Amino acid sequence: MADGDWDGPTVALRARARAKRFRLVSLEKDYDMPKRVLLGLLLACGLAAPALAQEPKTGGVINAVIQPEPPGLMLAQVQNGPTQMVSGNIFEGLLRYSPKLDPLPELAESWSVSEDAKTYIFKLKKGVTWHDGKPFTAADVLFSIEMLKQTHARARTNLAQVDKVETPDDHTVVFTLKQPFGPFLGIFEVGSMPMVPKHLYAGTDWKTNPYNNAPIGTGPFMFKEWQKGSFIRLVKNPNYHEKGKPHLDEIYWQIIPDAAARSVAYETGKVDVLPGGSVENFDVPRLSKLKDTCVTGAGWEFFSPLAWLWLNNRQGPLADKRVRQAIMYAVDRDFAKDVIWNGLGKVATGPSASTIKFYTDDVKKYPYDPAKAKALLKEAGYKGEKIRLLPLAYGETWQRWGEAVKQNLQDVGMTIETIATDVAGGNQKIAEWDYDIAFTYLYQYGDPALGVGRNYISSNIAKGQMFNNVEGYSNPDIDKLFAEGAVATPDSKRKEIYEKAQKILVEDVPVAWMLELQFPTIMRCKVKNLITTGIGVNDGFKDAWLDK
Amino acid sequence: MLSFVAQRVLKGVIVLLAIVVLNFFLIRLAPGDPAIVMAGEAGASDQVFVKQLREKFGLDKPLPEQLFIYVKGVVSLDLGFSFRQQAPVAKLIGERLPATLLLTLTAFAISLTLGILFGTFAARFAGTFLDTAITVFALIFYAMPIFWVALMGILLFSVTMDWLPSFGYETVGANLTGLAHAFDVAKHLIMPAMTLGLFFMATYTRMTRASMLEVKRLDFVKTARAKGLSDAVIQRRHVLRNALLPVVTLAGVHSGTLIGGAVITETVFAWPGIGRLMYDALLQRDYNLLLGVFVICSAMVLTFNLITDLVYRLVDPRIEYAA
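Sequence lines, in order, name chains Y and A. With UniProt numbering, letter number 537 in the first sequence gets 537, and the count goes up by one each step, no holes. With UniProt numbering, letter number 224 in the second sequence gets 224, and the count goes up by one each step, no holes.
Hint data in this document are derived by calculation from the structure and do not stem from the laboratory. Hints may contain errors.
[To be verified] Restraint ranges, calculated between C-beta atoms of paired labels, are given here:
| # | chain 1 | residue 1 | chain 2 | residue 2 | range |
| --- | --- | --- | --- | --- | --- |
| 1 | Y | 432 | A | 78 | 52 to 60 Å |
| 2 | A | 156 | Y | 458 | 52 to 60 Å |
| 3 | A | 175 | Y | 280 | 31 to 39 Å |
| 4 | Y | 477 | A | 78 | 54 to 62 Å |
[Said to hold, decoys possible] Mimicking BS3-like on lysine-lysine, the simulated pairs with C-alpha atoms at most 25 Å apart in a straight line are:
| # | chain 1 | residue 1 | chain 2 | residue 2 |
| --- | --- | --- | --- | --- |
| 5 | Y | 134 | Y | 100 |
| 6 | Y | 224 | A | 91 |
| 7 | A | 91 | A | 72 |
| 8 | A | 216 | Y | 463 |
Note that the structure is predicted; figures quoted are calculated from it, not measured. From the three backbone atoms N, C-alpha and C, an ideal C-beta is built for every residue, glycine too.
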């Protein structure tokens, strides 16, 4: 696309754009420099190419499981997994991300980045309407940003680098950053920055707005009905802005609280899709062998859930790096992967999952080596002091994993006491630093600046808060590297910085990294194209169709 | 009788308020901060967000003030707002209450009817094979955990035989109306109601049997027999009626336990009732919702107990209302 084809911005903006020497070149021409200019439409076509091998069929109903029942569907105000899984069909973001985490168009049809990497211009798709028929415009984007800053903690953090947002016309949004922010193009998926209809929310009490219970979005499916405790029904948006989509007529999200009952519902044909994490892992091999059943671990690349053991660096034996390293050697992570997780996932090599940007495996390795663990414990002077282990109260799989780790650690001579608690109680103990070892898993959101650094930088040590640096690890070198990594340009520089950070962290073992988790999605083979992006089932079913 | 009912209702209100105050403190004794739970679900860790949530929940206020606000609300029939679910607590409970009432009342009817029936037969044929068979049958369901009976039921009647649906309140997407809808709900109700009902049936069976055997030995039964009444009439009019008093007492006590059992049954069968709502609220430390469910459940138990007292009078006219 040449500069002349770029329609829409005001003259002033054009002048400023020229002053900043925008380069708007085609993706084909500049494929090796995706950070410079991205015209996602072409990428989207490329991604969809294999799917085109079979012509999608229109019509049909999908029954999928949702667990637990979402507390609400207003994605801008309620941010949890089940809400996004359902509302990812109702709402949309400006972008989506491919399994390789390249941006793809959604409500923005194209975007460009200035030479100094401080100005991002998004061209919005024309002809997009909200489910109530009103047009979607740049004013909605501006309003959404203002709302999200108050209601969406992650969006607020992500937008902290934004100096100002301007809307020179109805279909152009210009973000000006205070300084370059490497992962900026990675913050626009529907869960991270859902678009909210200004005409329905502006000037209202957002908390009690009636549209919270009957959400209006621009997405491929419209909210129809929610029988609390039973099901949520979405129906096709006939005016969806992508011609020919969605292919399905309806989606029923069935609420089945018990894991065994969810398995039975699939076995008896009552549901067609079990999204990742719906059933206990030990049920996955059995269900996978059922007739006409397909399983995929794809669709988690953006979130890249990484499981680890928080190690309280502040006190007792775990304050000694050698004891923490001994834990890495003592835990049989291959066993956990093969037996507890049925071979799904990957043994973690460090703080970054292999699916996110700037990952390196050129770090110190910790194979299962109980003898080495014992030697390190001896060297550190560990004398059998009691260590408290908090398993994660997320069901049987996590309970079993807790037992396996306890056994591993006892085998090398550590005295482990398991603390039984529910999720809320466990979180409080961790937030108050009242633990020694605790299981967790966290999303990484595609970029170390978004989902990795938060757990290791010392400014994130705050008692009473969860999911930050609760282990109390403090290293000025790491603080500096993560601060530099977020704003460095170009990507090669960021790569260098983050690789260095990974090496230091893996040597220091502030936490014990376990597995890159994979939550398999189980579905009938007749369900096609369910997962087409790195956001997977959390990104809506607009590409999905039924091969009846 | 009216003054008796009024007196009991007044006492009930006082008990209810005491329950509210007690539960208000009890649930705060459990570790776990609702703001941290919500922040965790949002994948957020920043202090501003957690502080905002605490302010929204009113958790930043001193505990006595929080209690005062809550009790004031309950007295004016306002059960508060669930911040996690972003809806008034009364609305959330109202959506689920009918399903729980349908389940528990059906289970209650099943357990009481079958329990009294089997107990009567066991007493009538005490010491015979039938007596042993009934006792063993009842105890099997009493001894097995509810979730296990539920899962075995699903395996047998849904997976293997495909007779009954394994989960839910109705066939989703069928859009049935009228009688067809009622039949559909009934079909979904069979397994959960039987699972819950059979568990409680055992105690009624045992209680009816023991009580009837005891009454049978009393002099007035001999008198009835001496005046030439048939065995069936003696059993029904004299023995059973007198033997029912302890069963009625037990039924009143069970009304609370039944709701507890409904939590498990509703979970396994995905029955959209308040049992599951309560369980989720507890896990998420949704204080207002949890307290709201407690208030409603307590009110239900108190109502059941009032009904029990009234039924006493029906069963045994000698009992006076001047309690």
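Check: Is it true that the CA of residue 224 (chain Y) sits at most 25 Å from the CA of residue 91 (chain A)?
Finding: With a Cα-Cα distance of about 19 Å, the restraint between residue 224 (chain Y) and residue 91 (chain A) holds, given a limit of 25 Å.
If you check the beta carbons of residue 432 (chain Y) and residue 78 (chain A), does the distance land in 52 to 60 Å?
Once the Cβ atoms are compared, 33 Å apart, the range 52 to 60 Å for residue 78 (chain A) and residue 432 (chain Y) is violated.
Checklist entry - So does residue 477 (chain Y) sit 54 to 62 Å from residue 78 (chain A), Cβ to Cβ? => result holds, 55 Å
- [ ] Check the following: the C-beta atoms of residue 175 (chain A) and residue 280 (chain Y) are separated by a distance inside 31 to 39 Å.
- [x] holds, 33 Å
Practice problem: For the range 52 to 60 Å, tell me whether the beta carbons of residue 156 (chain A) and residue 458 (chain Y) fit it or not. | Solution: holds, 58 Å
Open item on the list: Would the hint linking residue 91 (chain A) and residue 72 (chain A) be met if the CA-CA limit is 25 Å?
Closed with: holds, 18 Å
**Prompt:** Within 25 Å, alpha carbon to alpha carbon, are residue 134 (chain Y) and residue 100 (chain Y)?
**Reply:** violated, 34 Å
- Message: Check whether the Cα positions of residue 216 (chain A) and residue 463 (chain Y) lie no farther apart than 25 Å.
- Response: Answer violated: residue 216 (chain A) to residue 463 (chain Y) is near 69 Å, above 25 Å.
Hints 1, 5, 8, counting from the list given before, are not met by this structure.
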